[in-house]
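A.B. asks: Now for the letters of each chain:
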Amino acid sequence: MTPDANFIRLLENSLSISIVSCTVFFDAKTFVMKGSAVSGDHTLEVKGEGFACILFYKGNCRAEKAKDIIADAVNLYCRSIKEEFPAECARRADLLGSIVSGESIDNVLNELARMIVATPVFDCVGIFLLNEILLELRGLVYASRSESKKGKKARFRSRKIRFSKKSPLSDVMYFGRCKMIDLDEIDDWKSMRDCLKGESYACPLIGMDGKAVGVVVATGGKYSGKAEAILQFYSNLCSIAISNANMRGELIRLKTYEEDFEKVDYVSKDLVKMGMLAATVAHELKNPLVAIGGFAKRLAAFGSDPRMDNYITMIQSEVSRLEDLVTEILDYSKNVDLRIEKINLDKVVNETLKLLSENISIGMIHVSKSIDPEVTVYADRNRFIQVLINVIINAIQVMPSGGDLKISAEESSETIILYIKDTGGGVPDGEMEKIFEPFHSSKQEGTGLGLSLSKKIMTAHGGEITVSNDSSGAVFSLILPKTGGLDD
Amino acid sequence: MTKKILLVDDDKGIIQYYSELLESNGYEVQVAMDGEQALIALSAGLPDLVLLDVNMPGKSGLDILKEVKEANEKLPVFLLTAYEQYKRNFSSLYADEYLTKAKKPEVILKKVSDYI
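Here the protein sequences line up with chains W and L, keeping their order. The first sequence begins at 49 in my numbering and counts up one residue at a time. The second sequence begins at 6 in my numbering and counts up one residue at a time.
Hints are supplied without guarantee of correctness; some may be wrong.
[Stated by the list, open to error] Calculated lysine-lysine pairs in the DSS-like style (CA-CA distance at most 27 Å, straight line):
id	chain 1	residue 1	chain 2	residue 2
1	W	Lys259	L	Lys71
2	L	Lys79	L	Lys9
3	L	Lys64	L	Lys9
4	W	Lys213	L	Lys17
These are calculated hints, taken from the structure and not from any lab test.
Please model the entire structure based on the sequences and the hints provided.
C.D. replies: Spelled out as structure tokens, the structure:
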């Protein structure tokens, strides 16, 4: 990129405007630089020592602040023309070059930190990145002028600052405002005091979506509008560098997974179609099945040949198996309507265990239970029992030669979690994510709808069902909110 | 004097439910069906409290929260969500309360009366 193009770009990026032209009068000559915009709506005239500049641009920027930045940049530009002091301008241009060419973000932030402390107004600077989910600042790039002068690189420290309540620093990021803050007022700042403390300037780093992705904090002796404008300029460069790096990362990720996305899309579309088809087929099958079953029953009344009796019994058992399957598919394809009521968790679990007592004793399952008899949940009794049955039957089936089933409950301020733990060796690694998908079954028997339906029911409750493995088997967690729907 | 609450939600059922609940407990309720309407209502005069749905088409509750707090830091704003998972972000520092819509009516009324 030519120095002129770099200069225009530097101004555009740091002032967030589109430049039509920039005319510099210096040393009895006129230098005209063209920008990216074709039409403009503002002009700004800046006069400095030995130079004047007219900027014609489109967009809004605060004229007072902009004048400082422009004066600074034109001054450097003029010096570079006279070849008096091209170093600093070249350094900024180099930095922009490295952002454009995709240099590692660590190196770019390091260089930026060093450039900030190289200005006369700031001694120390920290560049922090925000993890908004954890509400933590981390990945600090820190440089101080004294260290920088000794030729030391900016240090990368992985310190964390957590926000448990709002503070002047969180204001800077939340409202996207650059301002002066007192670091000593901020909770959790103690661990940072050896780098940065007391009065300082803070500027937010803004990501592509306009939200804060971090913050630049700088301290020094002399504070002025100029200092603020300078920090704003460098923090804008940081924002551009971070956005650029994120976009590159995202692009690579998207390209890599493009094929996978297509595959997933295909599978999910397929699943929807399959579900619809299954529901239709199931519906159509139901009537003939009832008829076949009924006629087989009547046929049995005529029977005298023991072979015929045997065949009829087989027909009946197969029909009843098919009927169960059809009911299950129909159940799955229906919407879940809930009748929420306050139910005693321990009682419901006991009721379910009683229903399953035969399966439990045949399966040689030892059941132990620890649930506070006082705990109540808001749920649809029958639907919740259906979920319990699905999960417990599943547990019994993964322990073909017997095992332990542990049922316990845990209460937090917002939720009640029921844990159902088996000793069946756990869910294989690759199956974890698929286990709640419809038609997924690792067993010979079953439709692969039981757990999927359970998930649907739990979600309809505003709750969740999750699975994890412990040392001996799988742990299913049924999570229910403490209160039910709106009409409780 | 009757306390005024601005209720912002795009779901008619929720609007009706909360309006009736609050009005029957002596509050005056002003309704906005989306973010834009909420901002217009706020510019016309400040309520004593704002009940704000997070998930709305157009301007989300989180956008409105930011604009409200930027202009009037002290005006209490409760965020209403269907799920708990919204809790972790900056908005949780700036919203005065985070309530799930499934909360019992007495819980919501108690929280409101704590503020106004």
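A.B. asks: All hints, please: hold or fail.
C.D. replies: Hints versus structure:
For the hint pairing W/Lys259 with L/Lys71, the CA-to-CA distance comes to about 11 Å; that is within 27 Å, so the pair holds. Between L/Lys79 and L/Lys9 the CA atoms are separated by roughly 15 Å; this keeps the pair inside 27 Å, and the hint holds. Between L/Lys64 and L/Lys9 the alpha-carbon distance is near 23 Å, which keeps this suggested pair within the 27 Å criterion. As the CA atoms of W/Lys213 and L/Lys17 are separated by approximately 34 Å, the hinted pair breaks the 27 Å bound.
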